[in-house]
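In order, the protein sequence lines correspond to chains R and X.
If you count the first sequence from 1, position 110 lands on 110 in the numbering used here, and the numbers rise without skipping.
If you count the second sequence from 1, position 163 lands on 163 in the numbering used here, and the numbers rise without skipping.
What the hints contain is simulated information worked out from the structure, not anything from laboratory work.
Given the structure is predicted, the values throughout are model-derived calculations rather than measurements.
Check before you lean on any hint, since a few could be wrong.
Short, incomplete list of chain X residues facing chain R, as computed with Cβ under 8 Å [said to hold, decoys possible]: (1) Ala21; (2) Ser70; (3) Leu139; (4) Leu161.
For every residue, glycine included, the Cβ atom is placed at its ideal position computed from N, Cα and C.
What follows is the residue order along each chain.
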Amino acid sequence: MVFSIASFVTQVAILLLLLVLVHKPLGVYLARVFEGKKSTRVERWFYRLAGVDPGTEQSWSIYLRSVLVFSAVSILVVFLLQRLQGVLPGNNSLPGVDPWTAMNTAISFATNTNWQTYTPEATMGVFAQMCLLAVQNFLSAAVGIVVVVALIRGIARTKTDRLGNFWVDLARTSFRVLLPMAALAAIVMVIGGVVQNFWSTEVLNQATGVTQTIPGGPVASQEAIKILGTNGGGYFNANSAHPFENPNVFISLFQVFLILLIPSALPYAYGRMVGDQRQGYTVVGVMGTLWLTSTMLMGWAVASAEGTATAAAGGLGEGFEQRFGAAQSSIFATATTLTSTGAINVAHDSLPPLAGGVAMVNMMLGEVAPGGTGSGLYGLLILAIVSVFIAGLMVGRTPEFLGKKIGPREMKLTAMYILVTPVVVLATAGITVLLPDAMANAPASGPHQFSEVLYAFTSGANNNGSAFGGITTSGPYLSIMMSLAMLLGRYLPIVLVLALAGSLAKQPRIPASSGTVPTHGWLFGSLLLGVTVIMTALSYFPALSLGPLAEGLLK
Amino acid sequence: MNTIPGYLRQAGTALRFLLLATVVLGLIYPLVIFGIGQAVVPFQANGSIVKDAAGRPAASALIAQVSADSAGTQSPLWFHARPSAAKWDPGASTASNLGPNDPKLLDAVKANRAAIAAEEGVKESDVPADAVTASGSGLDPQISVAYARLQVPRVAKAHGLSPEAVQAMVDRRTVTGLEAFLGQPSVNVTELNLDVAAAAPSTAIPSK
Chain R
1 MVFSIASFVT QVAILLLLLV LVHKPLGVYL ARVFEGKKST RVERWFYRLA
51 GVDPGTEQSW SIYLRSVLVF SAVSILVVFL LQRLQGVLPG NNSLPGVDPW
101 TAMNTAISFA TNTNWQTYTP EATMGVFAQM CLLAVQNFLS AAVGIVVVVA
151 LIRGIARTKT DRLGNFWVDL ARTSFRVLLP MAALAAIVMV IGGVVQNFWS
201 TEVLNQATGV TQTIPGGPVA SQEAIKILGT NGGGYFNANS AHPFENPNVF
251 ISLFQVFLIL LIPSALPYAY GRMVGDQRQG YTVVGVMGTL WLTSTMLMGW
301 AVASAEGTAT AAAGGLGEGF EQRFGAAQSS IFATATTLTS TGAINVAHDS
351 LPPLAGGVAM VNMMLGEVAP GGTGSGLYGL LILAIVSVFI AGLMVGRTPE
401 FLGKKIGPRE MKLTAMYILV TPVVVLATAG ITVLLPDAMA NAPASGPHQF
451 SEVLYAFTSG ANNNGSAFGG ITTSGPYLSI MMSLAMLLGR YLPIVLVLAL
501 AGSLAKQPRI PASSGTVPTH GWLFGSLLLG VTVIMTALSY FPALSLGPLA
551 EGLLK
Chain X
1 MNTIPGYLRQ AGTALRFLLL ATVVLGLIYP LVIFGIGQAV VPFQANGSIV
51 KDAAGRPAAS ALIAQVSADS AGTQSPLWFH ARPSAAKWDP GASTASNLGP
101 NDPKLLDAVK ANRAAIAAEE GVKESDVPAD AVTASGSGLD PQISVAYARL
151 QVPRVAKAHG LSPEAVQAMV DRRTVTGLEA FLGQPSVNVT ELNLDVAAAA
201 PSTAIPSK
């Protein structure tokens, strides 16, 4: 398998061009959706049936309670209906899902992780795929977006405790943003060869006598939102490496574009909503720089084709699909781990050691370049507040962020946000490493075994969902640990972000003075970039050095 | 507001919201895409099923179709697809998920290389990487141009065709242009074997 540099550069250029063209109109549209006062007639019916009063706005604690209650109800419903699959219609003769898998899957899809501890073909019927999992693909993506919208309102508004209405934000994000975009994407995918039917087809090759059952299913509709909502849970086990999810290199490139689309347009909406477009450009500039750097590192690491088995094969091939080539697969692997997507078009477990390491670092960055739908932007805004704080220490001034004081309360919330995910990753992975029975589920040996475990918990706590697929997490212990990592990694940061939004919204806006550190431009962008990289390095370097670095550098 | 009744009322709202959203996002949306797919591009929407001369469904152009014995050895009569961790079962897609330094993978790669070199009568160093490595899906229908070229003499001989004729079939099934530039030049084995069968129907073997 060749790594074509010409193809790599062309694809990166195409992506950059498309994203530059689209991010502004999409950002404007997003801002209008979130700032709009009027509901459509259909929305008003919807609110009446759901029992929502669209006219009332919520304080941060009620907004948070709505997020948590909605997520809890989603998890419970998805869990119960999976358990009942055997007696429900559309089960494709599959029985109820076992309790550990059902729990893990319900949490996984509601938290936008889409870690798949099950083999879809042998576990989920069409009802579960279409009405449970695909619906969570929409709603979990929407939850991420509404949380960042609440944070942006907290920054933009002054002297209020109102952050908006969660239900209205959720409905608008689902029906005005995600649904039309997913529908367009799904149509492109069907035309490109992604399946969309409700039956399988028996084929018989008269010449060879080979018979096959070619699977079907509502794949394109699910694939579109799986990618667009940075979810990543595949209709089939092989995910975006499966020919029916990702039939050719054009669709594969289109999928990378869709992964990056909403997260890279949100900063423009942010700039517009806070009334200072430079803020949005600085954020998206940092995201773009990280993305470009990481993509090139991944390309380099993949092209190195390191590994004894890889060398014996005469180059890359294991885990790759012939139709994509190594260039497209490295670009995909970067985009999927720098966002909370976790879809794969190449088996990450079989990547060269340092390439697997780049994938892990991408997630450890907190998935902020450009990150998951919504979660990427709130992650980077938190890092921006850390940067303002550090800059404030350097000039000896109380830090401010867009005219809001970053006092002790704000800084405590920010610091906790920064600590939560690394603590969850390292604690869950660390405990697992001490348990021989649990480690038996990762079949590799040496540093690669550790990498499989570290990757799993990094992916879980960052709500990514991709895996070093050799690990089996379907047993009770790993199901519970992974569920815990996904829950804590999703909802603790959300609690902190909304609390921060609440305390920022209450403040008046202090006019900028000569001592104010500007939060836009090259200088602040560079500081933010440095803070992001150093935070990650400090948290994870020891763990990384036991896994991918040990495997990649020691020969 | 932060009381038990408050939570319960919100849970009720959440449940109703979820139910209504499921009707729109979980039923109407996929059914509309289904309708559009079936109306506009039924071939793609139904799995790119290719038919034989008699009009019966013979294979999916997107899925590897392999004639192999129970040990997983591919029939010498046909072009081989890449190794598969799924044993080419369309209902069980998977990668090997073995690491780049995994001894099991090293052994598998070496064994594949020796077997292919022996079967094609070429040097071990002439066997390309895609021929000895399992694909990401286990259903990859495509191989490299080099691997296809390696197999031309054997397949031509098995079907009493000239190597030039078989090479022409390979060329016709080779991806070119922008698709080959962005991806890589590749040959679809599923379609290629159907072409070979159509050109040499007399050598067709009945199923065992």
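Evaluated hints:
About 6 Å separates the beta-carbon of X/Ala21 from the nearest beta-carbon of chain R, less than 8 Å, and the hint is met. Given hint, X/Ser70 at the interface with chain R, is violated; its Cβ is 13 Å from that chain's nearest Cβ, farther than 8 Å. Checking X/Leu139 against chain R: minimum C-beta separation of about 6 Å stays under 8 Å; hint holds. Because the closest C-beta pair between X/Leu161 and chain R is about 13 Å apart, greater than 8 Å, the hint is violated.
The structure fails hints 2 and 4 (numbered hints given earlier, in ascending order).
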